[in-house]
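There are 2 protein chains.
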Amino acid sequence: MSEKQPDTKSAILSIAKDLMRQLGYNAFSYADIARRLNMKNAAIHYHYPGKADLLADVIETYIAEYRQLEKQLAVSNLDSCQKLQQFIGKYSQLIGQNSICIIGSVASDYNTLPDSVKAKVAGLIGLVIGMVEKTLQEGREEGVFRFRETPRVRALLIMTNLAAGVQLARITGKADFIAIEQAIVDQLSK
Amino acid sequence: MSEKQPDTKSAILSIAKDLMRQLGYNAFSYADIARRLNMKNAAIHYHYPGKADLLADVIETYIAEYRQLEKQLAVSNLDSCQKLQQFIGKYSQLIGQNSICIIGSVASDYNTLPDSVKAKVAGLIGLVIGMVEKTLQEGREEGVFRFRETPRVRALLIMTNLAAGVQLARITGKADFIAIEQAIVDQLSK
DNA sequence: TCATACACTTACTTATCGGTAAGTAAGCAA
DNA sequence: TTGCTTACTTACCGATAAGTAAGTGTATGA
Chain A
61 MSEKQPDTKS AILSIAKDLM RQLGYNAFSY ADIARRLNMK NAAIHYHYPG
111 KADLLADVIE TYIAEYRQLE KQLAVSNLDS CQKLQQFIGK YSQLIGQNSI
161 CIIGSVASDY NTLPDSVKAK VAGLIGLVIG MVEKTLQEGR EEGVFRFRET
211 PRVRALLIMT NLAAGVQLAR ITGKADFIAI EQAIVDQLSK
Chain B
61 MSEKQPDTKS AILSIAKDLM RQLGYNAFSY ADIARRLNMK NAAIHYHYPG
111 KADLLADVIE TYIAEYRQLE KQLAVSNLDS CQKLQQFIGK YSQLIGQNSI
161 CIIGSVASDY NTLPDSVKAK VAGLIGLVIG MVEKTLQEGR EEGVFRFRET
211 PRVRALLIMT NLAAGVQLAR ITGKADFIAI EQAIVDQLSK
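Chains A and B supply the protein sequences, listed in that same order.
Just so you know, we're using the numbering used here here: the first sequence kicks off at 61 and counts up by one.
Just so you know, we're using the numbering used here here: the second sequence kicks off at 61 and counts up by one.
No lab work stands behind these hints, which were simulated from the structure alone.
Hints may be right or wrong, so weigh each one.
Where chains are identical, the list cannot tell them apart; a pair therefore holds if satisfied intra-copy or between any two copies.
As the list claims (entries may be wrong) - In silico BS3-like links for lysine-lysine, alpha-carbon gap of 25 Å or less:
id : residue 1 : residue 2
1  : K69       : K100
2  : K180      : K131
3  : K234      : K194
Work out the full structure: start from the sequences and follow the hints.
Below, the structure written as structure tokens:
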């Protein structure tokens, strides 16, 4: 009957990632995932016994993706400004998908997340802020960036610009996000 | 039996505002409100037939509050920097309450909100961004603020710093928000 | 070929969701 | 006193949530 999925579990994970960013943790259900895969609810439970397990895997996947990006940028010969732009580019992509970033999603739902994943969420956020912070510091040392705050605080400013930027852009339009993006880069190379 | 509420409807509204900021639209129920008032679910429906009606009133209340703040600041003799700090102060208050701002809450849940309130949400966000924008413009004309972006873009940068700042602060701690707050002001008076 | 593991489905449970219908006690107005 | 309104409660509704137990077909490996 239904065509054989080569890897159902990763299909579930991928859909969950999309739903997390489009709707948030509390607004999607196993039924939403099952429907998209032409499967039954229980099939999702087979792969992920509980919703918390699914969320945990989503978070871990993002952690792995960001670590991957970190490595990839480390071995590249991009300068700090290009590295930062690679990072910002991840956010631009979300705009056309009616999505927000995973960090904004889990941060705004934080009080309602299962306790078992809260530490992982904190880990993801720490990782991403740390990446931006490091890039800023390197860029400053290279003379590519100029800013007065500590690298960490500047990273916080940029992260919040991006995270809330994609949230706002869903409502006020893509142009606002583009302007934010532009301003972030301009501010650093003043 | 239960002590007479002087104004049940406004009590419901007040609780709904808290729940919106602590949990988000999809994560609270009429039962949550009823429980806190020692009433039954149906009593909430008496005052607000549907959840969309309740949300609409929440949004309208915030619109009224911000208009009120706007007027209040207009007749005050505060300079633009003090006006901005009044505005930022609204966000600092949220930190201790484990809450995010209403704008961040509705923006991240936007895809799941009833269509009937989406326009109101856009109105609220436009209002608030406009207020910040105007304050920035005035401050620049007064020579109090210095910035290179348009007032609107600068307003977007500040709004996103604040909105995502309170989201992150729930996870990484209050100190990060304080640093963001400080940086916003410092950047403008350089 | 036989058994076992895998990847599901069928069929269910329990709890909660937003929402409604009907009833009721208390107050107010003519 | 009667009639109407307000502000609820009681008792439901159908839908959906997350989750579970048991069964089924298929592939694989001994």
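25 Å Cα cut-off: does K234 pair with K194 within a copy, between copies, both or neither?
Between. Shortest inter-copy distance 22 Å satisfies the 25 Å Cα cut-off; intra-copy 28 Å does not.
Are the CA atoms of K69 and K100 at most 25 Å apart within a copy, between copies, both, or neither?
Intra 14 Å, inter 42 Å, cutoff 25 Å: intra-copy only.
For K180 and K131, with the copy left unspecified, which applies at a CA distance of at most 25 Å: within, between, both, or neither?
Within one copy, since 20 Å is at most 25 Å while 44 Å is not.
Consistency with the previously given hints is maintained throughout, with no hint failing.
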